[in-house]
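Colleague: Residue numbers (UniProt numbering), protein chains in the order written: chain A, 1 to 102; chain B, 1 to 401.
If you are wondering where the hints come from, they were derived from the structure by calculation, not from laboratory data.
A portion of the hints provided could be inaccurate.
In silico lysine-lysine, DSSO-like type, Cα no more than 27 angstroms apart, as pairs [stated by the list, open to error]:
id, chain 1, residue 1, chain 2, residue 2
1, B, K165, B, K155
2, B, K346, A, K45
3, A, K62, B, K155
4, A, K20, B, K346
5, B, K343, B, K70
6, B, K231, B, K250
7, A, K20, B, K343
8, A, K60, B, K343
9, A, K45, B, K329
A few chain B residues facing chain A, derived, Cβ under 10 angstroms [what the hints assert, rightly or not]:
id, residue
10, W159
11, G335
12, S339
Just so it is clear, the structure is predicted and the values come from calculations on it, not from any experiment.
Beta carbons are placed, not taken as given, at the ideal position from N, Cα and C, and that holds for glycine.
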Amino acid sequence: MDAIATNKQLNNDEIFDLMKQFITEVIGEEFVEEMDITPQSSFTKDLEMDSIEIVSFSEKIKTHFGEQIDFTGWLSAMDLDQLINLNLEMIINYIHECQLSR
Amino acid sequence: MSRFLFVVPPFFGHISPTLSIGSSLIARGHQVKWIGITPLAAKHIPEGGEFIYPEAELAEHQEEIDRILKRQDDGPACSGPEVMKLALEETYVPFAKIMMKGLGNYVDEWKPAVIINDCITFAGALCAHIKGIPSVTTTPVPPDVIGDTQTSAPKIFEWQQQLIKGLQQELGIYEDDIFIHSHKLNLVFTSQVFAGFTEVPPHMKFVGPVKGRPNHAAFDWERLAAAKTPKVFVSLGTLLVDIRAAFFQKLIDAFADQPVTIIAATNPDIFDVWPDNFIVNSFVPQTELMPHMDAVICHGGFNTVNDTFTNGLPMLITPIAYDHFHTAKLIVNAGCGISIRYKRLKIAELKSAVFELLENPQYRNAALKIKETFIASGGNDKAVQLLEDFAEAEQLVEKNN
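Pulled out of the complex, with its shape left as it was, chain B reads as follows:
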């Protein structure tokens, strides 16, 4: 049995799939821990696992961490090139520097066999490289979001390379290669078909959506069962706090008194009164809810996208920032949904798009095709098998050296 250490960012969408595979690894008898830059509530951690928050080593960085987290609220108001800067230069690189000390100390103490870093949590792969520990990367979103900048935007490519090499040199890595991701195994939680890849580098494995993380959210199932109109699930994810009220006001304007039931995952406190056909909860058991839905509206958070097509449902995606536009393009390419950019969203269009998704079977049929590619990718079982084979192969290499 092996020790696996997940290195995760303070963004739940990125942590979520690692909790699901972690849970499967624990069930197979492995030791699994997570390490992050902010604490994670115990209810999210699979039984038998542990979340490490190296408080002592992070203390001197607390102000900077808070400032960077607050800065994420600006994302929705930023233009594409500004978001690139915000993400790489102002978030991922500084987080990597901040995490190194606490991570390094913990790795020395616990001695994991494999370090698994989330794709935006560079510290994991860099620490593994420095200490000679085998590493794997997890990628919750379809990769290649920015596109091939080397040929399409050489100056932007150069900027990315310089930032990452600067980070590596600061940590004492002077080789010319890039080490922020594993060169040996990268688990991607979507299907190759949906991600639009015809050729894939051998270390990149599309395992499809994974499930099984703990979610104990309560839900009024009787009220849902009593609803007789088509059911539309709406989620804005865990970020994007500032635009929440504006987003849901548009939904109310479009669907109050319409023959649909809206099931919304958001804090009900943003409005005093909700229309009768809106069922609103801060936290929902999304995986259990989804099979009861007829369509989904979301901004493009990847876990909701996965839950949607795992159930073969059509989606209205309203991309706001970050990688949402790339995801929206993939959905339109696959024919399994409609994309309306949030900033250009009109009430009449919102309404007609949702009824089009409910009434025109072409979207649901395309969604069912994506569902098949997801199932064929293997999910948890495939991810666990790849991780076990990797750990075993790396341990053999070590013994022979």
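Excised from the complex, chain A in its bound form:
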């Protein structure tokens, strides 16, 4: 669906909606409906993403944004507490910054 890397710069709301769409694709609509996804939602605690789900979420980001965003590299540089506290807002800000620094 998102096979072509897009060059359009997204604002934070648009990035949030896109992340929400990716999460829905990864964990299934049925489970997303039970959650109230906000920028403050923690990735591992609130969304209960496991490693396999995080990998497929990362792949969606890669397919959509292409080389301009190294999400996996960004994640792998984190320590345990950063991973535990990782929330959607941090991801949105990271994508936003990558777009600006292009």
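Using the hints provided, position chain B relative to the given structure of chain A.
Modeller: Quick look at chain B alone, frame taken from chain A:
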């Protein structure tokens, strides 16, 4: 004949394979004892063996031990990185510190020729290192569960190293190496093929599943024989107490009145009434039961995984926490089962997965291939041979020094 001391954690899944090899070692005339942090019921100990519970030295730590054990109930609700913290920082390292005194005293008294530590029971290998006693490690789960953190997550690798080196320094070990596992012999109770290893360090020996631990659980064999529909064994293991009722409610919703017989290992008290096609017992003779089954549902506890593929049965694995996800990945890679994460488990999907396993022979055929790799790994005989050769070689080294 040699003296072997197993150092075990308070988790039955990790103790279980040591009871099986211990039983074989005793049959060969060796002296075998176990030492742990909580008592173990006598019925589990092979005849001729002894379980040491150093009560006096543990007394001052009792509150902490209870708190850590209670904390394990939080595991299923924790995220991956939180579980890593819970396991290493809040469980394995403190348990190692707590065990050292009682273990050290007992080792001085009994003078084992070999100390065999379970992979999460660091005190065994550390005590052996400090006292210059040869040590072996037992690993009941496929190793490399966390993956190569050194390259994929350097900060997490550093955190692991610091925790372990901190523990070692506290115990007076100032060398730069890591000594929580044996560098000479590590017995792994699965096959190299199933664990997905192409290259193996020389000290790591995949011996496959081991069996023979005492299990005197009674079972209503007549009722099982009367069941005419396909038989599905369900186990949640010995941990995970809090989610037991929710898990089995899903099974009831999926399989009550379906043409299957569910044989469940859980306390029947969690529900007043069970459907007629459910045979439920707190304790079951799992090894004897398994050959009568057609499929297995479990969360990924490794002894059940081993019993399943030893019998060439297909599995539905519903990983919950800890190393379950890694095991689920191996099962999917081998093609011998289906994985549905427990937190994303829907009734309709649960039902269709089980009937797919029963009706599509590809899963059973893949399971039979894993069975062959298990048998080829050698089991008890291989484990005993490796331990005897190791003890003999180490005693020679000692004589020559």
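Colleague: Could you check the structure against the hints above and give me the numbers of any it violates, in ascending order?
Modeller: 11
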